[in-house]
Amino acid sequence: MKRSGFDYYAPETIQEAVNLLADLGKNAFVMAGGTDLLIKKRHGMIFPDAVVALKNIKGLDRISVGPKKGLSIGATALLADVAAHSGIRNKYPAISDAAKNTANVQIRNMGTVVGNLCNASPSADNAPALLALGATLSITGPQGERTLALEDFFIGPGLTVLEPAEIVTGVTVPPLLPNSGTAYVHLSARGKVDCSAVCVGAHVELKGRKVDNVRLFVGACAPIPMRTPRAEKTMIQKVFTNKLAEKAGETASQEALPITDVRATMDYRNSMVAVMTKRALLLAHKRAM
Amino acid sequence: MKHDIQLMVNGDTYSLAIDPCRTLNQVLREDLNLTGTKLGCGSGDCGACTVIVDGRSVSSCLTLAVEVDGKEIMTVEGLAPSGEELHPIQEAFVEKGAIQCGFCTPGMELSAYHLLSKNPTPTEKEIREGLSGNLCRCTGYNKIVEAISVSADRMNRKPSKRKSR
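Quick note, the sequences are listed as chains A and B, same order. Under my numbering, the first residue of the first sequence is numbered 1, with each subsequent residue one higher. Under my numbering, the first residue of the second sequence is numbered 1001, with each subsequent residue one higher.
Just so you know, the hints here were simulated from the structure itself, not pulled from any lab data. Where a beta carbon is used, it is the ideal one built from N, C-alpha and C, also for glycine. Hints should not be assumed to be uniformly reliable.
Unchecked claim - In silico DSS-like cross-links for lysine-lysine, where the CA-CA straight-line distance does not exceed 25 Å:
#, chain 1, residue 1, chain 2, residue 2
1, B, 1118, A, 55
2, B, 1118, A, 41
3, A, 40, B, 1125
4, A, 26, B, 1002
5, A, 100, B, 1096
6, B, 1002, A, 55
7, A, 91, A, 286
8, A, 55, B, 1143
9, B, 1002, A, 91
10, A, 58, B, 1071
11, A, 100, B, 1118
12, A, 41, A, 91
Stated by the list, open to error - Going by beta-carbon spacing under 7 Å, a handful of chain A positions derived as facing chain B:
#, residue
13, 5
14, 6
15, 38
16, 39
17, 64
18, 65
19, 110
As the list claims (entries may be wrong) - Quick look at which bits of chain B chain A covers, simulated, 3 or more residues with Cβ under 8 Å:
#, segment
20, 1016-1025
21, 1059-1067
Can you make the complete structure from the sequences, with help from the hints?
Below you can see the structure in the form of structure tokens.
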């Protein structure tokens, strides 16, 4: 390791944090919970000269659920608090399931949903669920504030479109239509604490018995959490049946681009994309009824 | 640059000047000589370094000491209510033989403490989920789960003991 020390800043406003990042240059890193950042530093993947912690920024840990504004989760809201939030569990069970499935108890008490997104792991548990729900990120940087569809955020493992000195301040999910349901399902070798080998987020909107709209995202099976648009297309304006969900799963499996790694083989992942997509669809459909 | 911080550990207040890259685990073990908190993997997987910060269990190996400035910290040294008496969780661990090499024990007990503070009547499944961030290298999980279940029963029967700290 080249150097082990870094300077530490804990600004009290977003603007101050952005200014610090801009002044300190590219070896300054934003820290929310720190559970990914400190591991990367320890493994020699990054060499921070400075860490800008977000924890002293008031209100950034806010979680709100409302009928008109939908759901918003601040950048420092803990995974544990998102997982346990009764409003999220009632209205957006896919999101609480994803937060609950991230890492272990201690990490959920330290880490954040937004941090999980910004770390941009292809297997990030919170990404497929939020993507399926059409989430939007709020970003503040030297040029001011902007919003960005989460779908346009990831560009590769550990890579996002964030510009230097930009900070993601929160993630927002639009309100759900009455006849819609969402689900997050995942599969991993040890079942509870390890990274997902395959994870799927699904969102289904029904009109009568027919599928009016559907969004499907697969995690850990491509360089980024990926959408499976052909699988979605197989379902549009068709009556929802087990068979249709199975067909969509098979199509999604053809679209996924998994690799073999320590968590699973490519073949296994391909087979499981079909199974997990089907399961996510069935659960989302059940919740839409 | 060093930062001045105050840590409230097991009821005692410490004023320290620390380098910001140092973890809570390092400060507890090296500066405060509270070596009951272990360091296992150093990457948040094993739970041997678990401590309680403001009522929540965290991995002290992934917590910067500077980040917990002004917060209340409990380590395994603070779990027992006095020098003569063990916490019901510790008593049950001893009784049920939930200790083999002992390396995971401090973390297991603090994860159990966190679990029981949130959920005083956990099912076996909830206990196992509550311990999902703690590995026992001797693989003696069953007795640990049993001990936590026994201590939960006892703490519910004797509500005075639950407020031991």
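Here is what the structure says about each hint:
{"no.": "1", "hint": "B:1118 with A:55", "verdict": "holds (23 Å)"}
{"no.": "2", "hint": "B:1118 with A:41", "verdict": "violated (33 Å)"}
{"no.": "3", "hint": "A:40 with B:1125", "verdict": "violated (32 Å)"}
{"no.": "4", "hint": "A:26 with B:1002", "verdict": "holds (22 Å)"}
{"no.": "5", "hint": "A:100 with B:1096", "verdict": "violated (30 Å)"}
{"no.": "6", "hint": "B:1002 with A:55", "verdict": "holds (19 Å)"}
{"no.": "7", "hint": "A:91 with A:286", "verdict": "holds (14 Å)"}
{"no.": "8", "hint": "A:55 with B:1143", "verdict": "violated (38 Å)"}
{"no.": "9", "hint": "B:1002 with A:91", "verdict": "violated (46 Å)"}
{"no.": "10", "hint": "A:58 with B:1071", "verdict": "holds (17 Å)"}
{"no.": "11", "hint": "A:100 with B:1118", "verdict": "holds (15 Å)"}
{"no.": "12", "hint": "A:41 with A:91", "verdict": "violated (37 Å)"}
{"no.": "13", "hint": "5", "verdict": "holds (5 Å)"}
{"no.": "14", "hint": "6", "verdict": "holds (5 Å)"}
{"no.": "15", "hint": "38", "verdict": "holds (5 Å)"}
{"no.": "16", "hint": "39", "verdict": "holds (5 Å)"}
{"no.": "17", "hint": "64", "verdict": "violated (21 Å)"}
{"no.": "18", "hint": "65", "verdict": "violated (21 Å)"}
{"no.": "19", "hint": "110", "verdict": "holds (5 Å)"}
{"no.": "20", "hint": "1016-1025", "verdict": "holds (count 4)"}
{"no.": "21", "hint": "1059-1067", "verdict": "holds (count 6)"}
Comparing the model with each earlier hint shows violations of hints 2, 3, 5, 8, 9, 12, 17 and 18; every other hint is respected.
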